[in-house]
Amino acid sequence: MTQELETLLGVRVIDIYVMSEAYISMNNPGKPGSAGIPFISELEIRDDVGHALPRGMSGELVFDGYLNAPEENAAAFSDGWFRTGDLGYVDEDGYLFLTGRKKELINKGGRKIAPAEIDAVLLSNPGVRDAMAFRIPDPALGDDIAAMVVRDDNQVSEDALCRYCLDRLVPFKVPRKVLFTDEIPKNALGKPLRDEGTQQFTGAAASGYGITEPAGDDSCLRPSTTEEILMQIWQGILELPDITLHDDFFRCGGNSLTAIELLIKIQREFHISLPPDTIYRSPTIQELADLIRQKTTGKKEYHPLIVPIRDGGSLPPLFCIHPLGGWMNHYLKILPAVDNSRPVFGIRGRGLEPGEELPKTVEATAKEQVDAVRTVQKTGPYHLMGFSNGGIITFELACQLQEQGERTAFLGLIDVSAPATEVRYIRTLAARLFPGRTLGKIPAFFERSLKTHPDSCIDKWIMKAIQMVFHGVLFRSAAKSLPESVATVHSAVNFKEESLSHFPRESHPNMKVQLNASRMYLPHTFDGDLVLFSTGPDPILFPGDITRGWGSRITGKCEVIAVPGNHSNLFDEPYLGVLCEKIRETLGAYR
Amino acid sequence: MTPLDTIRDCLKFRTAGSGATVRPEPGTPIPIAIDQQHIWSARYTDLDQYYPVLSGLVSTQEWTRAAGFKKPRDAQDYVLRHGMVRAVVGPYIRKEPQEIRFVHEERGKPDLDPEGDLHDIHFSLSRTDEMVCLGISKKTRIGLDVVKCDSRYPFLAAAEYLFTPDERQWITRTTPHDRHIRFFRIWSLKEALLKAMGGGEGMMQETEVAGIMENHVLDGVYPVSLGKKEMLFVIHETGCDAGHHCILVTLPATNSRTLN
Chain S
1 MTQELETLLG VRVIDIYVMS EAYISMNNPG KPGSAGIPFI SELEIRDDVG HALPRGMSGE
61 LVFDGYLNAP EENAAAFSDG WFRTGDLGYV DEDGYLFLTG RKKELINKGG RKIAPAEIDA
121 VLLSNPGVRD AMAFRIPDPA LGDDIAAMVV RDDNQVSEDA LCRYCLDRLV PFKVPRKVLF
181 TDEIPKNALG KPLRDEGTQQ FTGAAASGYG ITEPAGDDSC LRPSTTEEIL MQIWQGILEL
241 PDITLHDDFF RCGGNSLTAI ELLIKIQREF HISLPPDTIY RSPTIQELAD LIRQKTTGKK
301 EYHPLIVPIR DGGSLPPLFC IHPLGGWMNH YLKILPAVDN SRPVFGIRGR GLEPGEELPK
361 TVEATAKEQV DAVRTVQKTG PYHLMGFSNG GIITFELACQ LQEQGERTAF LGLIDVSAPA
421 TEVRYIRTLA ARLFPGRTLG KIPAFFERSL KTHPDSCIDK WIMKAIQMVF HGVLFRSAAK
481 SLPESVATVH SAVNFKEESL SHFPRESHPN MKVQLNASRM YLPHTFDGDL VLFSTGPDPI
541 LFPGDITRGW GSRITGKCEV IAVPGNHSNL FDEPYLGVLC EKIRETLGAY R
Chain W
1 MTPLDTIRDC LKFRTAGSGA TVRPEPGTPI PIAIDQQHIW SARYTDLDQY YPVLSGLVST
61 QEWTRAAGFK KPRDAQDYVL RHGMVRAVVG PYIRKEPQEI RFVHEERGKP DLDPEGDLHD
121 IHFSLSRTDE MVCLGISKKT RIGLDVVKCD SRYPFLAAAE YLFTPDERQW ITRTTPHDRH
181 IRFFRIWSLK EALLKAMGGG EGMMQETEVA GIMENHVLDG VYPVSLGKKE MLFVIHETGC
241 DAGHHCILVT LPATNSRTLN
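Line by line, the protein sequences give chains S and W. Okay, so the first sequence: first residue is 1 according to this note's numbering, each after it adds one. Okay, so the second sequence: first residue is 1 according to this note's numbering, each after it adds one.
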């Protein structure tokens with residue numbers, strides 16, 4: 001733009017740095033990217049605690065107040081210095097470079113990051129026309145980084161941009177999320193409005209800028225990479241803050257003793273034992289990360305249903321069972337709530353790959369998932385979590401592990417009621433058999449009885465009878481031709497197609513099978529505790545029961561943890577932060 | 001006046017093997033017997049004052065390598081110790097320090113270029129954050145290791161990772177206060193053995209030294225198990241500066257021939 005202006009107007013364009021309080025610098029003779037040589041003799045660059053920084057180091061620009069105006073200085077400035085709020089540094093030649101605004105600094109786990117630095121890297125990508133980094137809330141780190149990008153080349157993916165940044169920035173500065181948009185929000189002076197980016201990410205106002213998710217990417221947050229974990233280990237051992245992926249361990253001050261220390265930490269973090277001379281053969285983070293991936297994901301053949309979300313760590317893994325549809329998106333969002341030392345594995349649903357046949361019952365679904373889980377963790381105690389319909393499968397999974405003599409230490413269900421199959425059927429059947437207000441109370445009696453006295457002999461007998469009738473007769477014959485009256489009941493109990501209207505149409509067939517399987521499921525009793533993260537009670541199926549039916553399905557304690565939002569939005573901000581916090585607190589106790 | 005004469009006031013000198021420790025005379029070639037080893041050591045803080053002298057001795061290749069260090073202090077230390085090697089080795093092979101040519105083994109261990117070394121001198125360099133040690137021998141390979149016995153180092157985990165069960169047992173058969181000393185004794189002995197044999201860290205798990213560690217101070221010829229084989233090594237163990245431990249290993253003539 002500068003060149004265009006100079007050509008158009010026939011004059012030189014000179015950058016100056018001014019504010020109402022002072023005329024600070026002029027870039028003449030010019031140095032690319034600089035704000036020029038300061039006029040003010042008492043200009044300093046200071047760190048957070050007010051210490052002056054040497055040349056080359058970035059900090060806040062301060063100067064010594066109004067000239068010959070002591071009264072104004074006393075009134076307007078603290079300790080005699082005017083804090084501009086601008087960040088920058090002065091290079092060896094005395095040129096001032098501005099790097100951003102202090103209030104825009106992103107505080108990621110105590111590390112201060114100037115978003116302008118990330119902007120610059122993103123803008124250097126040939127496929128990016130405009131970019132703006134901004135803070136997003138993170139329950140563990142305080143702040144994390146996201147970026148809005150206007151693409152010149154629609155082929156540029158989020159993953160490719162993150163990789164691009166990873167090659168040019170230290171890993172903790174790499175955006176955790178890249179949103180593609182048509183326009184970056186800016187003020188009248190053309191400065192990026194980063195707060196709007198934050199608001200749009202956390203709120204539901206994305207439509208104002210036409211933000212779109214990258215095609216084919218259904219994740220929201222990127223999990224920690226092997227490189228990031230290695231970077232933290234290196235920084236801890238070498239006590240060196242600015243390490244890049246391609247730095248040689250021994251050129252960073254490492255020696256044979258610290259190389260072994262590094263291998264020990266890698267062993268603890270990734271559960272792999274590398275030969276003692278590994279660091280001599282793979283002395284950079286990038287080479288080590290490639291090697292670790294090769295040793296872990298590359299060679300490890302997971303069960304087809306296992307989705308490794310984070311495959312390193314010393315604690316027992318957390319298995320997250322897919323909700324309706326079969327995907328893992330929700331669990332990626334709560335990943336920051338899970339201790340970095342705990343591996344996280346998703347269990348996806350059948351039917352996502354071509355030619356896969358979906359199990360017709362929860363029992364069959366869970367049976368296959370038990371096999372999958374045991375390929376990763378052979379013996380208990382297990383840690384299981386499931387959201388929505390996935391909670392029902394998770395419960396059955398825990399019951400089946402129990403039948404195999406395995407213990408489930410943590411059974412966490414997110415916003416799901418116990419399956420009320422018998423209640424639904426009794427209610428529907430009785431309503432058909434005994435129409436009218438008086439007779440209509442009969443099913444309510446059965447409902448109450450089943451919900452409040454699940455262990456009484458009479459109720460057990462009733463349940464057994466229901467199980468035999470509904471499972472042994474009705475559903476086995478469902479594949480054939482049902483008597484008209486039974487078919488009516490069956491379809492009345494089954495879900496309504498329109499209830500899936502907010503899901504992609506192509507996923508309806510899978511969901512229909514999964515949902516019907518849950519509605520036919522008669523749960524066993526689980527000998528253990530259960531934690532329910534609940535947005536509220538279920539007044540329709542379990543009025544007055546805050547455990548939403550789970551309390552009567554277990555022999556242990558049912559802890560109900562209230563979380564804000566509703567079933568549709570509890571994984572979105574502003575509710576996501578609270579959900580993560582609750583999960584972190586609860587799961588943290590199960591080390 | 002040679003560069004060694006210039007810096008010799010900050011160097012410590014010891015001999016191992018036969019003969020008494022007689023500090024070599026300034027300005028003359030340094031004689032060394034076949035069954036003798038010399039150890040020169042210095043602290044970086046003492047060498048600092050001779051940076052102008054030592055930095056003038058290193059080659060362009062060494063300067064390039066120094067420039068690759070992330071921390072300026074590491075780069076400076078690299079120049080100091082390589083300048084010191086040149087200054088010390090020069091009088092042994094009767095060459096000007098700047099003219100000495102080195103070759104590097106696969107793991108980076110430097111040795112004298114055999115084409116330019118008519119006296120069959122070998123050396124081994126080891127360093128910590130604080131000091132540098134240089135061992136010199138004649139006609140036999142030498143391995144030297146100096147280590148700072150830092151009790152904060154995760155030595156038990158490292159022992160679990162690298163040492164044999166017998167070695168680990170020997171470490172834990174003493175008071176907790178002394179265990180790290182035992183770890184660093186084994187560590188420096190193994191490092192010195194690997195250097196003497198020209199092996200990498202991968203061989204560390206194959207060497208078994210528990211059997212000889214009961215000796216209060218190693219000073220003589222000892223058998224060391226290497227996998228299924230057993231070899232004899234000349235081992236000299238010495239403390240150097242406070243908190244540091246140094247071990248020097250050479251191969252007896254028979255072993256040396258076998259390895260070569």
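Simulated from the structure, these hints should not be mistaken for lab results. Every value quoted in this text rests on a predicted model; they were computed, and no experiment measured them. Heads up, a few of these hints could be off.
To be verified - Examples of chain W residues lying across from chain S (beta carbon under 10 Å, computed):
1. R14
2. G68
3. F69
4. R127
5. E130
6. K148
7. L162
8. T164
9. D166
10. W187
11. G227
What the hints assert, rightly or not - Every beta carbon over 12 Å from chain W, so not counted as near; a handful from chain S, in silico:
12. L43
13. L238
14. T258
15. K265
16. Q267
Cβ atoms here follow ideal geometry from the backbone N, Cα and C, with glycine treated the same way.
Status of the stated non-contact between Q267(S) and chain W (beta carbon gap over 12 Å): Q267(S) not clear of chain W: closest Cβ-Cβ about 7 Å, inside 12 Å.
Taking the closest Cβ pair, is E130(W) under 10 Å from chain S? It is violated, given that the least Cβ distance between E130(W) and chain S is near 12 Å, above 10 Å.
Holds or violated: is the Cβ of R127(W) closer than 10 Å to a Cβ in chain S? holds, 8 Å
Verify that the Cβ of T258(S) lies farther than 12 Å from every Cβ atom of chain W, and report whether the claim holds or is violated. violated, 9 Å
May I ask you to test the interface hint for W187(W) with respect to chain S, counting a Cβ-Cβ separation under 10 Å as satisfied? With a closest approach of 7 Å, the W187(W) hint holds.
Holds or violated: the hint that G68(W) contacts chain S, with Cβ atoms closer than 10 Å. holds, 5 Å
At a threshold of 10 Å, is the proposed contact between R14(W) and chain S supported by beta-carbon distances? This interface hint is violated because 23 Å lies over the 10 Å limit.
G227(W) was flagged as interface toward chain S. Is the shortest Cβ-Cβ separation under 10 Å? Violated, about 15 Å.
Against chain S, run the beta carbon of L162(W) and see if the smallest gap drops under 10 Å. Given a least distance of 6 Å, the restraint on L162(W) holds.
Minimum Cβ separation between K265(S) and chain W greater than 12 Å? Since the minimum Cβ distance to chain W is about 9 Å, K265(S) lies within 12 Å and the statement is violated.
Does the interface hint hold: is T164(W) within less than 10 Å of chain S, judged Cβ to Cβ? This interface hint is violated because 13 Å lies over the 10 Å limit.
Is the interface hint for D166(W) satisfied, with its Cβ closer than 10 Å to some Cβ of chain S? This hint is violated: D166(W) lies away from chain S, its Cβ roughly 18 Å from the closest one there, beyond 10 Å.
The structure fails hints 1, 5, 8, 9, 11, 13, 14, 15 and 16 (numbered hints given earlier, in ascending order).
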